[in-house]
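**Student:** Sequence:
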Amino acid sequence: MQNKRLRTLKKPLHKKGIDLKFIAYILAFCLSALVLILVLMEAFKKYYSLAFFRTNSITNVTWVILERDIKKYSSLKNKIVSFDFPIDTQYFKKDTPFAKEVKCESGDTLNTQGKEYFCNSIPIGKARTTDSNGNPVKQFIFNGVIPENYYFVMGDNPKSFDSRYWGFLEKENIRGVSIWKY
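Position 95 of the sequence shown, counted from 1, bears residue number 168 in the working numbering, the numbering being contiguous throughout.
In short, the hints are calculated from the structure, not lab data. Warning: the hint list may mix true and false statements.
[Stated by the list, open to error] In silico EDC-like cross-links for lysine to aspartate or glutamate, where the CA-CA straight-line distance does not exceed 16 Å:
hint, residue 1, residue 2
1, Lys167, Asp181
2, Lys244, Asp181
3, Lys232, Asp181
4, Lys244, Asp229
5, Lys188, Asp204
6, Lys144, Glu245
7, Lys150, Asp181
8, Lys167, Glu245
9, Lys152, Asp229
10, Lys167, Glu221
11, Lys211, Asp161
12, Lys199, Glu189
13, Lys144, Glu221
14, Lys150, Glu243
15, Lys211, Glu243
16, Lys199, Asp229
17, Lys232, Asp168
18, Lys144, Glu243
19, Lys244, Asp168
20, Lys232, Asp204
21, Lys244, Asp92
22, Lys145, Asp229
23, Lys150, Asp204
24, Lys152, Asp142
25, Lys244, Asp157
[What the hints assert, rightly or not] For each label pair, taking beta carbons as the anchor points, the in silico distance ranges come out as:
hint, residue 1, residue 2, range
26, Glu243, Lys211, 16 to 22 Å
27, Asn206, Ser105, 21 to 27 Å
28, Ile99, Thr169, 36 to 42 Å
29, Gln163, Gly217, 24 to 30 Å
30, Asp142, Gly217, 51 to 57 Å
31, Glu245, Ile99, 24 to 30 Å
32, Ile96, Gln212, 23 to 29 Å
33, Phe95, Glu243, 24 to 30 Å
34, Gly207, Asp92, 57 to 63 Å
35, Ile99, Tyr238, 47 to 53 Å
36, Gln163, Asp229, 22 to 28 Å
37, Gln163, Phe102, 44 to 50 Å
38, Tyr146, Thr203, 46 to 52 Å
39, Leu100, Gly217, 57 to 63 Å
Beta carbons are placed, not taken as given, at the ideal position from N, Cα and C, and that holds for glycine.
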């Protein structure tokens, strides 16, 4: 009885020119590749992690590989960092996973002129006065040298909720630096 069912299942596929052995090889290859990826991720999880960013604040970046050891970087400027959100706000809770690009870092001079931000006299962005719902937002204002172990981070979307509104990101909150993105 079982063989008859198997033959009836095979018949329509063979009539359409589909080779079951080929499909089995493809499935075996995909399964082997998945197992290999999972084994490698487990072996290197101390140093790297794969992350999925579901955000509109960093354009065209969804998947990234993060390097966890940020001490080896002398500068994080212009790099995407993954971090735990530093404070509770009306929009996000403390420790929510986040990702932004470092625009200005320790030792750099950050200046706020009106709604515009400058890092070492180079324009890096402008704050909004309201959120997406039309509610007023408080702007972070700073003029001076960024203290050691602090970063000013932003998304590339003008509506990004970032350092322009909640201030500096502390180094201890950073979980990794993007070394590959897709």
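**Student:** A separate judgement is required for each hint: does it hold in the structure or not?
**Tutor:** Checked hints:
no.: 1; hint: Lys167 to Asp181; verdict: 26 Å, violated
no.: 2; hint: Lys244 to Asp181; verdict: 15 Å, holds
no.: 3; hint: Lys232 to Asp181; verdict: 24 Å, violated
no.: 4; hint: Lys244 to Asp229; verdict: 21 Å, violated
no.: 5; hint: Lys188 to Asp204; verdict: 14 Å, holds
no.: 6; hint: Lys144 to Glu245; verdict: 11 Å, holds
no.: 7; hint: Lys150 to Asp181; verdict: 10 Å, holds
no.: 8; hint: Lys167 to Glu245; verdict: 14 Å, holds
no.: 9; hint: Lys152 to Asp229; verdict: 12 Å, holds
no.: 10; hint: Lys167 to Glu221; verdict: 22 Å, violated
no.: 11; hint: Lys211 to Asp161; verdict: 14 Å, holds
no.: 12; hint: Lys199 to Glu189; verdict: 4 Å, holds
no.: 13; hint: Lys144 to Glu221; verdict: 13 Å, holds
no.: 14; hint: Lys150 to Glu243; verdict: 14 Å, holds
no.: 15; hint: Lys211 to Glu243; verdict: 20 Å, violated
no.: 16; hint: Lys199 to Asp229; verdict: 11 Å, holds
no.: 17; hint: Lys232 to Asp168; verdict: 21 Å, violated
no.: 18; hint: Lys144 to Glu243; verdict: 14 Å, holds
no.: 19; hint: Lys244 to Asp168; verdict: 14 Å, holds
no.: 20; hint: Lys232 to Asp204; verdict: 7 Å, holds
no.: 21; hint: Lys244 to Asp92; verdict: 55 Å, violated
no.: 22; hint: Lys145 to Asp229; verdict: 25 Å, violated
no.: 23; hint: Lys150 to Asp204; verdict: 26 Å, violated
no.: 24; hint: Lys152 to Asp142; verdict: 14 Å, holds
no.: 25; hint: Lys244 to Asp157; verdict: 10 Å, holds
no.: 26; hint: Glu243 to Lys211: 16 to 22 Å; verdict: 19 Å, holds
no.: 27; hint: Asn206 to Ser105: 21 to 27 Å; verdict: 49 Å, violated
no.: 28; hint: Ile99 to Thr169: 36 to 42 Å; verdict: 39 Å, holds
no.: 29; hint: Gln163 to Gly217: 24 to 30 Å; verdict: 28 Å, holds
no.: 30; hint: Asp142 to Gly217: 51 to 57 Å; verdict: 30 Å, violated
no.: 31; hint: Glu245 to Ile99: 24 to 30 Å; verdict: 46 Å, violated
no.: 32; hint: Ile96 to Gln212: 23 to 29 Å; verdict: 58 Å, violated
no.: 33; hint: Phe95 to Glu243: 24 to 30 Å; verdict: 54 Å, violated
no.: 34; hint: Gly207 to Asp92: 57 to 63 Å; verdict: 60 Å, holds
no.: 35; hint: Ile99 to Tyr238: 47 to 53 Å; verdict: 49 Å, holds
no.: 36; hint: Gln163 to Asp229: 22 to 28 Å; verdict: 23 Å, holds
no.: 37; hint: Gln163 to Phe102: 44 to 50 Å; verdict: 49 Å, holds
no.: 38; hint: Tyr146 to Thr203: 46 to 52 Å; verdict: 36 Å, violated
no.: 39; hint: Leu100 to Gly217: 57 to 63 Å; verdict: 60 Å, holds
Going through the hint list in order, the structure does not satisfy hints 1, 3, 4, 10, 15, 17, 21, 22, 23, 27, 30, 31, 32, 33, 38.
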